[in-house]
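Using the hints, position chain Z against chain D.
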Amino acid sequence: MALGTTTEKKLDHLHWPLFICTIIICSLGVWNLASAAKNAPTLLALAQAKWMLAGFLAIVVLLFVDYRWLQTLAWPGYIAALGLLGGVAFAGKKVLGARRWLQIGSAQLQPSEFVKLAVIVILARWFTRDETGIRKGQYGLLDLWQPFFLLLIPVGLIMKQPDLGTALVTVAIAMTMIMFARVRWRDLLIMIGTAVAGSVVAWKRFLHDYQKQRVLTFLNPEAYAKGAGYHAIQSVIAVGSGQWSGKGWGEGTQNQLAFLPEQHTDFIFSVWSEEHGFMGAVLLIALYAFLVLAALDVAANARDKFGSYLSLGIAALFFWHAFINMGMVTGVLPVVGVPLPLFSYGGSSVLADMLGIGILLNVSLRRFMF
Amino acid sequence: MLVRRDADDIREIRPRAALGALICVCAMLVLVVRLYQLQILRGEDYVSQSIANFRKSLFVPADRGQIRDRNGRTLVDNRPSFDVFMTPAFCKGRERDEVVAKLKDYLHLEKEDVDRILGDYQKSWTSKDKLERFRPFLVELDIPRDQVDVLEAHKTEMSCVNLIPTPHRSYRAPPSLGHVLGYMSEVTPDEMDDHPEYRRGQTIGRRGLERRWEKELRGEDGKQNIAVDAKGRELDKDTQEALIPESERLIPAMPGNNLVLSIDERLQEAADAAFPGRAGAVVVMEAKTGFILAMVSRPSFDPNKMSGRITKAELRELNEDPLKPMLNRVMNENYHPGSTFKVVTSLAGLANDKLTPASTITCTGGYTLGSHRWRCDKPAGHGSLDLKHALQYSCDAFYYALGDRLGLDAISEMAHRLGYGQPTGLDLGREIPGVIPDSDSVIRAFGAYTKGHAINASIGQGEINVTPLQQAVAYAAIANGGNVWKPQIVQRIESPDGKVLQEFKPEPDLANGHNGKLDLPPQDLEAVRKGLVAVVNEPGGTAYRSRNPDIMFAGKTGTAQVVALGGKQNLKTESQTYMSRDHAWFASFAPADNPEIVVVVLNEHGGWGAEAAAPAASKVISAYFQLKKQPVGAEAVTASTVH
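Residue numbers (our numbering), protein chains in the order written: chain D, 850 to 1219; chain Z, 4 to 646.
Next comes chain D alone, as it looks inside the complex (with noise of 0.2 Å):
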């Protein structure tokens, strides 16, 4: 779609609240950084704000182009993360027991966080194309199973990593958008209730302790790693001794003594609820809940399925990387490898959360345009 009116009128329509909410999320996150590699030898705080200033521009750059060209760059795209996948496997970096980076020059690329948003991309479409539905009013079992295909192949690449974590965000995101459709509530229930039985079942009669203990250590390598659980118990006693107003920036003992692990990535939470205390780690939640219905604002509000659709997806994917990250950092959740979006360190997941915010932007922006 060309640019209809004039550019000013087109800023009016522009989810400002949404972006303003990213700015905020942004800036507390590079702060936050600065404080966790305080004592990183690279300033990471500094790359970590570079890959945000790329994301804006990519977000500003994209917002003239219509979002229902992505329909048209839906297969490509989802092929495209597929390949990239497949490259990991083959030719990917090998750091603590698992491949999940691609090195491309000097940049690492982490293809999962791009499938992520290929598969809620791919899942929009079909879901808009798919006349099943509304013929027969709701969906059962079986006419979904193209969607589920299309999710198995590249869950089933991130599991070989092994990155359980992301493979499990991809199933939640998908089916959170399954379930936005009209699917029968009878076959809702008996999807659920089928996966909880079999697995407890297999994990009470079928499995054997050894085998048990692989599937916790798979399920979660590196509190086994290094004696159990001791990530876990950190990462409380930093959120802990927090308390009200935290021990102030840079001042956490648990994150600048080092007794945190992987302070910058997966734990972040625990140094910004470790330094700002009960206060600022209900701040931050509240930022992500604010994010999280924006973006579902954006979908009741968008012009068309194939909108609706995506801005659910990509509210899917902030919600669950969320509501995982501090639920594990929290201990409510078991430790799986999980980052806070726009607050963990990392080129890759910024960048594509980035391009889900700038999708949303896009969508709202062109929710009157017909």
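Derived by calculation from the structure, the hints in this document are not laboratory data. Treat the hints with care, as some may be off.
[Stated by the list, open to error] Taking CB as the label site, the calculated pair distances span:
hint	chain 1	residue 1	chain 2	residue 2	range
1	Z	R119	D	P1011	35 to 43 Å
2	D	E1100	Z	L61	19 to 27 Å
3	Z	V36	D	R1216	30 to 38 Å
4	D	A1135	Z	E237	35 to 43 Å
5	D	I869	Z	A233	31 to 39 Å
6	Z	V36	D	D1036	31 to 39 Å
7	Z	G96	D	P1011	19 to 27 Å
8	D	E1100	Z	G96	54 to 62 Å
9	Z	L61	D	A1135	41 to 49 Å
10	Z	K315	D	V1050	52 to 60 Å
11	D	A1046	Z	D116	26 to 34 Å
Note that the Cβ used here is the ideal one computed from N, Cα and C, for glycine as well.
Same frame as chain D, now just chain Z:
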């Protein structure tokens, strides 16, 4: 291309988006509740856990008090040394294995040491106390200088290992004082339960003065709190100051108090040198105060060895030695006193009017009662004897007759009055009471009391058993005119800066039933003393050969039979096997006319008292008076100011 969304779709998506928003808010609220629980409800707890993470307490050991002799010579002090400790929390998993392997290499550890270290390491992690893993445990005590250098050089590779400078006990006194001084060894878990001020790997006094005065000597340990990072590395000064409040950075140690003994180290050495036997005891005590000047119990042990790294084999050897080196013979073993006990029978006779200093009894070479004949040492008989000559020749028949007249209870009563049959009260740990039978105890043990018991007791045989220390107390009372003193070995306790905290005065032995007095007329004691003077100084006296040309002393020989009375009396001592030989006694005081010291010598299985004990006593007495003439000043001052 353009797909208008249908009304159905809108109807569908809006409530579902609202539901999604609700779920999102609920999920986030769960997190908020969890944060409230962690940060607000349990915040304090996690704050202390986070402090425990970086805070490492190094303890600053207190200097243990010194022990000096009466002239200020240092008997025990501390020398600088290094102990190796390890903090489990700072080396986990593979790092632990690497560190242990390095320690094994650098410290030349045996497999059993490595097993012990790994065991202690494991215990720290499995302890219910979550902070236990942050407490350093002892890896190796008192390592040699070259190993200290090696560990210092590899310090950075082993951040969980600490070298703690710990003063170790240095026993400079001759090993013959081992029983008096005691030694140090690691506290047991039970002791730590009772005394939480002790930490794992610390030592506590065992036996002797080290044990008795543990509280005074120990002092109070200090503490140094430092901040470390997750790898156990010490942080820079600014961070230290920011994390550890100034008041908690260093709590200085309080050194322990010093003990000043009544022991004269030079006399102790002289007594040890003079004592000829393989086993036995020498006690030298001030006659007029009860303060002990020298105390030898042979064989002894080396407190340095016992306090240091004694091997299991060495310890086994000590424990299995038939001569029992760990036994303090001065106060924890009793012996028949033999003829040295005749002073008791004599005093009982005088006090009960069965005897006057002038009355005589005729010795015909033995004493017959009913069908039994008790033989005297001189088969031909001593003829008619008064008290003085009976003691001088040590005539048994005289005392058999006297004992027969007195009965056992009169002898027993006098023995208790002199301090026998009950602990003397020397404040040096466990002390045995000895055995002084009376008619009741004899009836209990044998069913009936016969005069034979009194006759055996009259010459210190039968059931009578005494310790060398009791002998010293009894002879001191006879020598000093009737004061039964409680023996003491500590003169005063001083603070580290030399202030006198507690001064010990002579104390009467209140346990003797007469408030520490003999309550005997002076002429009775005089009569016994005359006999004891004759023993040494008149021809025919049993210790005449040990008389001292420079100083006139008095004493009594004793030969305590180990095998049953009567049988092998005429055998030469050399022909008897060691363990069945008689014990040789000599109990003496000097000078005879104004006694200053009491010297008791017991030579276990030494044979005749006159041959195997009296000469040693004579040498000790000579040494005492020689040392008295020598100034103690110069030598003593250098000895105590070197450190």
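Compare the structure with the hints numbered earlier in the document and write down the numbers of the violated ones, lowest to highest.
As far as the earlier hints go, 8 and 11 are violated by this structure, in ascending order.
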